[in-house]
Amino acid sequence: MAEVVRRELVYVLTAVVVIIMIVDYFFAVPAISAIAGELNTWATVISTMALTLGAVNIIRVHSRNVRKRTPGVWYHSAWLIFIFAFVLLLGLTNINNPSANPIYKWIFDYSYVSLGQTWYAITGFYIASAAYRAFRARNIDAALLLIAGILVMLKNAPIGEVIWAQLPVLGGWFNDIGQMPAMRTFLIVAAFGLLAFGFRTLLGRERGFYGEVGGG
Amino acid sequence: MGYPTTMDGILGIWTALALMLFVYSYPLYKENQLFRFAEHFFIGLSLAIAAITGIQTTIRLAINPLMAGKVHYIIPILLGFMMYLILHRDYRWVSRYPIAILVGSSIGLGMRGTIIPNILSQIIATITPPKPGADATAWFNFVYIGIGTILAVMYFLLTFEHKGPLLYPTRLGRWVIMIGLGAYFGNTVLFRMAMLSGRAQFLLQVLGLVPF
Amino acid sequence: MSQESIWDRLQRIDRRVIYWILFILLMIPFIRPLSLPVSIGPQSITFIEGLRKLKEGDVVVINISSGVSAWPECLPSLVAVSKVLIQQKAKIIFWTSFVDGHMTFEKIVEKVPEFKKLTYGVDYVHLGFYTGAEPAVAQLAKNIRSIFTTDYKGTPIDQLPIMKGVNSANDVKMVISSDTGDYCDYYIRQWRIPYGVPLAEIGIAMNFSAYQPHWQAGILFGVTAGARGGAELEKLIGAPGDATITMDSINTSHLLVIVAVILANLGYAATRRRK
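These protein sequences, in sequence, are chains A, B and C. Following this note's numbering, the numbering of the first sequence begins with 1 at its first residue and continues without gaps. Following this note's numbering, the numbering of the second sequence begins with 1001 at its first residue and continues without gaps. Following this note's numbering, the numbering of the third sequence begins with 2001 at its first residue and continues without gaps.
For the record, the hints were derived by calculation from the structure and aren't laboratory data. Hints are supplied without guarantee of correctness; some may be wrong.
What the hints assert, rightly or not - Across the chosen pairs, the derived CB separations fall in these ranges:
no., chain 1, residue 1, chain 2, residue 2, range
1, B, 1211, C, 2006, 41 to 47 angstroms
2, C, 2154, B, 1138, 52 to 58 angstroms
3, A, 190, B, 1139, 27 to 33 angstroms
4, B, 1005, C, 2011, 48 to 54 angstroms
5, B, 1157, A, 86, 50 to 56 angstroms
6, B, 1168, C, 2113, 57 to 63 angstroms
7, C, 2049, B, 1138, 16 to 22 angstroms
8, A, 57, C, 2006, 47 to 53 angstroms
9, C, 2006, A, 193, 33 to 39 angstroms
10, B, 1064, C, 2020, 50 to 56 angstroms
11, A, 57, C, 2161, 42 to 48 angstroms
What the hints assert, rightly or not - Short, incomplete list of chain A residues facing chain C, as computed with Cβ under 8 angstroms:
no., residue
12, 7
13, 48
14, 96
15, 150
16, 153
17, 156
18, 158
19, 165
Glycine included, C-beta positions come from ideal geometry on N, C-alpha and C.
Turn these sequences into a full structure, and let the hints steer you where they fit.
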């Protein structure tokens, strides 16, 4: 009985939800439409509440570092926990409009924004060094990739036209037409993959979401 | 927005610049304590903002309707709390129920919605010839896209060993895919460099060398 | 002992040298602009043509699924599109799936002076943050009020004149999705196909590759390629802005990457021939 509640019922619930979503799309049944809408709202509420789950888990990990005084790491973890607690308290002073707190707004506008943009942009460095160290035309496949890449880059950068007027034309062909078969293939194949994955989930054979390995 | 004139504005942009330089000290110099400081600052900050946003949105989406008399909202709220039992080893299985709803609705929505735009429309677009009177380039592009797509799909979908009659078509399919990935790489470089140029511009703006 | 060639030494160069050269090259064009002209792709032309079909009073949703970290890529296009929507006298509803999306909205309003002549709540509104990925997008299409009961400042949605009669995807004439990931896919599957709402994508440059097939198939009426797409839109509407300025540093950084790839391959060929 315990196994049924822990496993089988979960797979049945997943399958029922999938079927309701699909039936709602293809058949105009008011009752099914209402249930599907309700399930969407539930899914939205669950994922909203799960936003805090990641924070809780990471704080747990860093608290362990502080408790064990892991050398070289624990003071950074303590700093992380302090910032988390401080900003959380600031936000909770006016949960409906946290930006009304001037300190919260200052930290958001000047720290969070800057760090977010900085982290997102750091990979620009790595792509430059990868271009120098890793992108070798060892065979025809790699050569085709590099030629297409260079031509598209020369099309994207206005200086390409200054170097040779036909470069943007060539690059434009690769960008608009040349990559179309590959991108279209990825779409089609991914769609088939999603359908296959969905049917496996429907049949209870896809169990990775529930922390189980294997399936069958 | 011009150069800030208030104290908190000036302090703000210089703090932002300092944090940016702490982070970039890692690629431009080497790993150091300032980088770690900024890294952990950002993680703590992001977690706090995610938590605040989660609480705020939960109140708006579920608690307010519940207080307004829509009693059935207690169910998704309970399911949301059940998610947190994933952190407890003995009761982890309870979290499978809200995950089942999340996964089921996402997969159901994805499955029902993917057939037309990602399969049917793509096939129709591939086999639709250019309009009458189109030039040779349009016909060349049509043939290239059609044959290229077939070859690339063959490469992916045929799970037999690529030998004999399959050898050359699938090899050509791989080349078509490489061209696509090359163009994707070219666009990736554009993306990464545009992001980094924004940071370079910010450095110059704070130093007063270019206007805000 | 074999002599170390220049190619061997070049291949061992410290990567920090490359990083410094890149960072400096990115800065130079902001001080000494090159101001090279930008050619326009068909995807941007159809984007603007699609926007010009809007009539006065049509309701347009702008979905902001890109954070402040993607401003260099997405913000210029959002600004250009907002200008055109205001010229067409459309009603604009913003909403966002990013926690800092309200900052993008406020930045757009700051950068588009025409917003000063409009009334918040009547001509445009920002409904705030939503999460939940595809289920939330599907639910927005069915019933906007099941996700948003107030705007981002807390004003009840029914007190906003712009939201009168706007309840679902059936009441929306167009969606513009600005995203760095999958949200355009959700809008294609839950808004475009079931309800037929015209949809365009303002994306990062990689999204341009991913959504090209949809544009060619007629599912999207426009796609932008990050900052490059923003520069094209700015040129089309005759209002050069941030993206046009960014393209200058794109020139120098791209040249560096291309030179790096060519040098690396020449070195590779030279060392291989020696062996």
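Status of the hints after comparison with the structure:
At about 43 angstroms, the CB distance of residue 1211 of chain B to residue 2006 of chain C agrees with the hint of 41 to 47 angstroms. Judged by the Cβ atoms, the range 52 to 58 angstroms given for residue 2154 of chain C and residue 1138 of chain B holds: they are separated by roughly 54 angstroms. A C-beta distance of roughly 29 angstroms is found between residue 190 of chain A and residue 1139 of chain B, which places it inside the suggested range of 27 to 33 angstroms. About 50 angstroms separates the C-beta atoms of residue 1005 of chain B and residue 2011 of chain C, a value consistent with the hinted range of 48 to 54 angstroms.
In this structure the supplied range 50 to 56 angstroms holds for residue 1157 of chain B paired with residue 86 of chain A, their Cβ-Cβ distance being about 53 angstroms. At roughly 60 angstroms, the beta carbons of residue 1168 of chain B and residue 2113 of chain C sit within the given window of 57 to 63 angstroms. As the Cβ distance of residue 2049 of chain C to residue 1138 of chain B is approximately 19 angstroms, the hint placing it in 16 to 22 angstroms holds. Taking the beta carbon of each, residue 57 of chain A and residue 2006 of chain C are about 52 angstroms apart, inside 47 to 53 angstroms as hinted.
For the hinted restraint 33 to 39 angstroms between residue 2006 of chain C and residue 193 of chain A, the CB-CB distance of approximately 48 angstroms leaves it violated. Between residue 1064 of chain B and residue 2020 of chain C the Cβ separation comes to about 53 angstroms, which falls inside the hinted range of 50 to 56 angstroms. A hinted range of 42 to 48 angstroms for the beta carbons of residue 57 of chain A and residue 2161 of chain C is consistent with their spacing of about 44 angstroms. At its closest, the beta carbon of residue 7 of chain A sits 24 angstroms from a beta carbon of chain C; the interface hint therefore is violated under the 8 angstroms criterion.
For residue 48 of chain A, the shortest C-beta to C-beta distance to chain C is roughly 5 angstroms, which falls under 8 angstroms, so the interface hint holds. The closest approach between the C-beta of residue 96 of chain A and any C-beta of chain C is roughly 6 angstroms, which is under the 8 angstroms cut-off, so the hint is satisfied. The interface hint given for residue 150 of chain A holds, since its Cβ lies 6 angstroms from the closest Cβ of chain C, which is under the 8 angstroms cut-off. Below 8 angstroms, beta-carbon pairs count as interface contacts, and residue 153 of chain A has one with chain C at about 5 angstroms; its hint therefore holds.
For residue 156 of chain A, the suggested interface contact is upheld, since its CB lies about 5 angstroms from the closest CB of chain C, less than 8 angstroms. At about 4 angstroms, the closest approach between the beta carbon of residue 158 of chain A and any beta carbon in chain C falls short of 8 angstroms, and the interface hint on this residue holds. A distance limit of 8 angstroms between C-beta atoms decides the matter here; for residue 165 of chain A the minimum to chain C is near 10 angstroms, and the interface restraint is violated.
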